[in-house]
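Taken in order, these protein sequences are the chains called V and A.
Take 233 as the starting number for the first sequence in my numbering and just add one per residue.
Take 5 as the starting number for the second sequence in my numbering and just add one per residue.
Simulated from the structure, these hints should not be mistaken for lab results.
For every residue, glycine included, the Cβ atom is placed at its ideal position computed from N, Cα and C.
Incorrect hints may appear among the rest.
[Unchecked claim] Stretches of chain A that chain V covers, calculated by requiring three or more beta carbons in the stretch to come under 8 Å of a beta carbon on chain V:
1. 18-30
2. 60-71
[Claimed, not checked] Straight-line distance between alpha carbons at most 27 Å, and here's what the computed DSSO-like set of lysine-lysine pairs gives:
3. Lys413/V to Lys66/A
4. Lys526/V to Lys66/A
5. Lys422/V to Lys76/A
6. Lys422/V to Lys70/A
7. Lys106/A to Lys96/A
8. Lys76/A to Lys413/V
9. Lys375/V to Lys70/A
10. Lys106/A to Lys422/V
[Stated by the list, open to error] If you want the ones that stay clear, here's a sample from chain V, every Cβ over 12 Å from chain A, calculated:
11. Pro309
12. Lys359
13. Ser361
14. Gln365
15. Ile380
16. Arg591
17. Glu602
18. Tyr639
19. His760
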Amino acid sequence: MEQLSGGEALIRALHDEGVDIIFGYPGGAVLHIYDAIFHQDKVEHILVRHEQAATHAADGYARSTGKAGVVLVTSGPGATNALTGIATAYMDSIPMVVISGQVESRLIGSDGFQETDMVGVSRPIVKHSFMVQRAADIPLIVKKAFHIATTGRPGPVVIDVPKDITDPKIKFPYEYPAEIKLRSYAVPGKGHSGQIKKAVDALLSAKRPMIYAGGGVIQGNAAEILTRLTRKLGFPITNTLMGLGAYPASDQQFLGMLGMHGTYEANMAMHYCDVLLGIGVRFDDRVTNSDISKFCPDATILHVDIDPASISKTVAADVPIVGDVVPVLEEMLDQVSKSRSKVDKESLEVWWKQIAQWREKDSLAVTPSEDGTIKPQQVVQAVFEITKGDAFVSSDVGQHQMFAAQYYGFDKPRRWLNSGGLGTMGFGFPAAMGAQFAHPDAVCVCITGEGSIQMNQQELATCMQYQLPIKIVCLNNQALGMVKQWQDMQYGGRHSHSTYAESLPDFTKLVEAYGHVGFKIEKFADLHDKLEQAFALKDKLVFVDVMVDPDEHVYPMAIKGGAMKDMVLSKSERT
Amino acid sequence: MRHIISVLMENEPGALSRVVGLFSQRNYNIDSLTVAPTEDHSLSRLTLTTSGDDARIEQITKHLNKIVDVVKLVDLTEGAHIERELMLIKVKAIGAQRAEVKRTADIFRGQIVDLTSNVFTIQLTGTGDKLDAFITALGDNVVLEVARTGVSGISRGEKVLAL
Numbered sequence: 233m234e235q236l237s238g239g240e241a242l243i244r245a246l247h248d249e250g251v252d253i254i255f256g257y258p259g260g261a262v263l264h265i266y267d268a269i270f271h272q273d274k275v276e277h278i279l280v281r282h283e284q285a286a287t288h289a290a291d292g293y294a295r296s297t298g299k300a301g302v303v304l305v306t307s308g309p310g311a312t313n314a315l316t317g318i319a320t321a322y323m324d325s326i327p328m329v330v331i332s333g334q335v336e337s338r339l340i341g342s343d344g345f346q347e348t349d350m351v352g353v354s355r356p357i358v359k360h361s362f363m364v365q366r367a368a369d370i371p372l373i374v375k376k377a378f379h380i381a382t383t384g385r386p387g388p389v390v391i392d393v394p395k396d397i398t399d400p401k402i403k404f405p406y407e408y409p410a411e412i413k414l415r416s417y418a419v420p421g422k423g424h425s426g427q428i429k430k431a432v433d434a435l436l437s438a439k440r441p442m443i444y445a446g447g448g449v450i451q452g453n454a455a456e457i458l459t460r461l462t463r464k465l466g467f468p469i470t471n472t473l474m475g476l477g478a479y480p481a482s483d484q485q486f487l488g489m490l491g492m493h494g495t496y497e498a499n500m501a502m503h504y505c506d507v508l509l510g511i512g513v514r515f516d517d518r519v520t521n522s523d524i525s526k527f528c529p530d531a532t533i534l535h536v537d538i539d540p541a542s543i544s545k546t547v548a549a550d551v552p553i554v555g556d557v558v559p560v561l562e563e564m565l566d567q568v569s570k571s572r573s574k575v576d577k578e579s580l581e582v583w584w585k586q587i588a589q590w591r592e593k594d595s596l597a598v599t600p601s602e603d604g605t606i607k608p609q610q611v612v613q614a615v616f617e618i619t620k621g622d623a624f625v626s627s628d629v630g631q632h633q634m635f636a637a638q639y640y641g642f643d644k645p646r647r648w649l650n651s652g653g654l655g656t657m658g659f660g661f662p663a664a665m666g667a668q669f670a671h672p673d674a675v676c677v678c679i680t681g682e683g684s685i686q687m688n689q690q691e692l693a694t695c696m697q698y699q700l701p702i703k704i705v706c707l708n709n710q711a712l713g714m715v716k717q718w719q720d721m722q723y724g725g726r727h728s729h730s731t732y733a734e735s736l737p738d739f740t741k742l743v744e745a746y747g748h749v750g751f752k753i754e755k756f757a758d759l760h761d762k763l764e765q766a767f768a769l770k771d772k773l774v775f776v777d778v779m780v781d782p783d784e785h786v787y788p789m790a791i792k793g794g795a796m797k798d799m800v801l802s803k804s805e806r807t
Numbered sequence: 005m006r007h008i009i010s011v012l013m014e015n016e017p018g019a020l021s022r023v024v025g026l027f028s029q030r031n032y033n034i035d036s037l038t039v040a041p042t043e044d045h046s047l048s049r050l051t052l053t054t055s056g057d058d059a060r061i062e063q064i065t066k067h068l069n070k071i072v073d074v075v076k077l078v079d080l081t082e083g084a085h086i087e088r089e090l091m092l093i094k095v096k097a098i099g100a101q102r103a104e105v106k107r108t109a110d111i112f113r114g115q116i117v118d119l120t121s122n123v124f125t126i127q128l129t130g131t132g133d134k135l136d137a138f139i140t141a142l143g144d145n146v147v148l149e150v151a152r153t154g155v156s157g158i159s160r161g162e163k164v165l166a167l
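Looking at chain V on its own, in the form it has when it is part of the complex:
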């Protein structure tokens, strides 16, 4: 058997696990591991400029491929810098393995240089974590980590590795386990047939049915079977922010995104439905609004999820189904096809007529400005047209994120990369890097704001080093737009620390300093042409700084404490 050191074993185990790329940043505690990386060419290491960006890049890689993203950071500040990205992945159930260096075993607990209790500080934001005690345990721990990170409800797993464990002088016989069985960890498989039958019965007797599909459909690779089931039933469907792309946005049955900034028709259909089929969703407060008692008052709730703890956590499910989403939906489709009872077509027709009326409201209509000021929504519409709706689109957090979600119609899963759960500003740019590494020939766009981009703009250097042709489209409203919107709506327009127009950098010069190309667009008349020019520079990173209407708000917007039907539709209209 081959003799390897702990550091060599770690990298070899990653390769044996099928990992070809990792994102990281070196430091004292991981130098043995970095030396092992130097001596091989199977696992490519990407040097980022901040550990937070390493985790977001791995996250973007994971979201866009379905494979686990892998991160390598040093102890202490390296590890703590990674925490935001780990929490981001945890909230959105993204498979990720984070290897953090640790001080030597003999120094643990002594407040050694660059020591942090990584297993301790990451505990509430990981699916599981390991502290390696013996080098010989490395192959098994790596195998376990990937198994746990990628199966069931996915999530981040931390492997904390004391420096002495990776000592190149201490070798052990290396063998990567072919299989792993954990007595304390079971992955739900197919759903309970009796429960599925109950759900099918409810669906087939529904008069006003609604399908509410979320990130679990994307993580579970179930977009195709969801589409088949939805078309077979002929029911209206909405996607959550995390679920965009789970059902084709261009399809007639799609009512748009729901929730706090969802479409009028999606939120109205949710409120008035009589049977709600939730799939891979968690009834998040950005969907249900703050008062749960007002949520879908007439609906029988069917809830499919792989995580039993997600079911009846906030909204009690009438028919809970725990299982892997693909076999559950397959069995559902099969039972629907074989059932003697059929969809109530007459009632469904009435329901669709009602929905058509709601659609007439055209809640996402954009009124062009008279003076040529660019509306942020118009920018997303233009990006959609130019990329033919087929790009990988990441976003940061705030108004631009909602505009991207509302106006970029995703027809495919894994194209929309955003921090839905944690809401992490600074996520978008490194996430786009991860997607671009995974899909070198695809168009990767980061729709961001001038606030968010400054939270990880150091990655402009990484993009130069690896020649990543990302297109950054910055909706520059010279303010923390979503904060400002809330201050407009709830704090009498007092813009406490949400504006900084006088101190914004010249982004075109900034990116030029890094060797990239910068465009600035100020008038609507130039928007389309200049964006096209930017996207035509296929081999370059282009930063497009688009000056947009600083007073624009995101609508519709849920009214706090109300039901889903209660929305602000514009600066002058409420439901």
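With chain V held as given, fit chain A onto it using these hints.
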């Protein structure tokens, strides 16, 4: 309602902190906690008491089950069960008090396990309620120190919590 939940978990470093962390992270309360290895040294048994309505207890057991180190668990209060807690209590015992404290301990089937001319140390086993009642019976001005183990429990009959 009060629940006694027994958890079999991997006897690994960090396992206990994951369980305890879950409770603080999700704002669940722990009234008592006891943990020790079982006859199978790869497993620890942790027993905790908590309270909440059915929905809350359901969430607690689901989240406990999600912890990778947790192998199996049971809510003992769902069925017939035996619960015990051990208390070591140091009480003042001077002059006439000595006979009185001894009588009270006998009534509660406590044992005096250590004594000095001024102090008795009494060992008492039973349900939490019984231990509370003993402390009340002794009276506040007698009690010097209390060490309680927290509740441990096991199902009645043939039902077992094992692999």
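Pro309/V remote from chain A - nearest C-beta pair above 12 Å: holds (22 Å)
When you check the alpha-carbon spacing of Lys413/V and Lys66/A, does it fall within 27 Å? Answer holds: Lys413/V to Lys66/A is near 21 Å, not above 27 Å.
Classify the label on Ser361/V as holds or violated, using whether its beta-carbon is more than 12 Å from each beta-carbon of chain A. violated (7 Å)
Would the non-interface assignment of Arg591/V survive a Cβ cutoff of 12 Å against chain A? Non-interface label on Arg591/V holds, nearest chain A Cβ at 37 Å vs cutoff 12 Å.
Three-residue Cβ test at 8 Å for the coverage of the segment 18-30 of chain A by chain V: Contact hint for the segment 18-30 of chain A vs chain V: holds, 5 residues under 8 Å.
Within 27 Å, alpha carbon to alpha carbon, are Lys422/V and Lys76/A? holds (21 Å)
Whether His760/V stays farther than 12 Å from all C-beta atoms of chain A, as the label says: holds (49 Å)
So if I understand the rule, the pair passes when the alpha-carbon distance is 27 Å or less; does Lys422/V with Lys70/A pass? Satisfied, since the Cα-Cα distance of roughly 18 Å is no more than 27 Å.
According to the definition I'm using, a residue is off the interface if its beta carbon is farther than 12 Å from all beta carbons of the partner; does Ile380/V meet that for chain A? violated (6 Å)
Lys526/V and Lys66/A were given as a pair; does the straight-line alpha-carbon distance stay at or below 27 Å? Judged against 27 Å, a Cα distance of about 26 Å means the pair holds.
Take a quick look at whether Lys76/A and Lys413/V sit within 27 Å of each other, Cα to Cα. Given pair Lys76/A, Lys413/V holds - Cα atoms ~16 Å apart, limit 27 Å.
Examine the segment 60-71 of chain A for residues whose CB is less than 8 Å from any CB of chain V, and state whether their number is three or more. This one holds; 6 residues, not fewer than the three required, reach chain V with a Cβ under 8 Å.
The structure is inconsistent with the numbered hints 10, 12, 13, 14, 15, although it conforms to all the rest.
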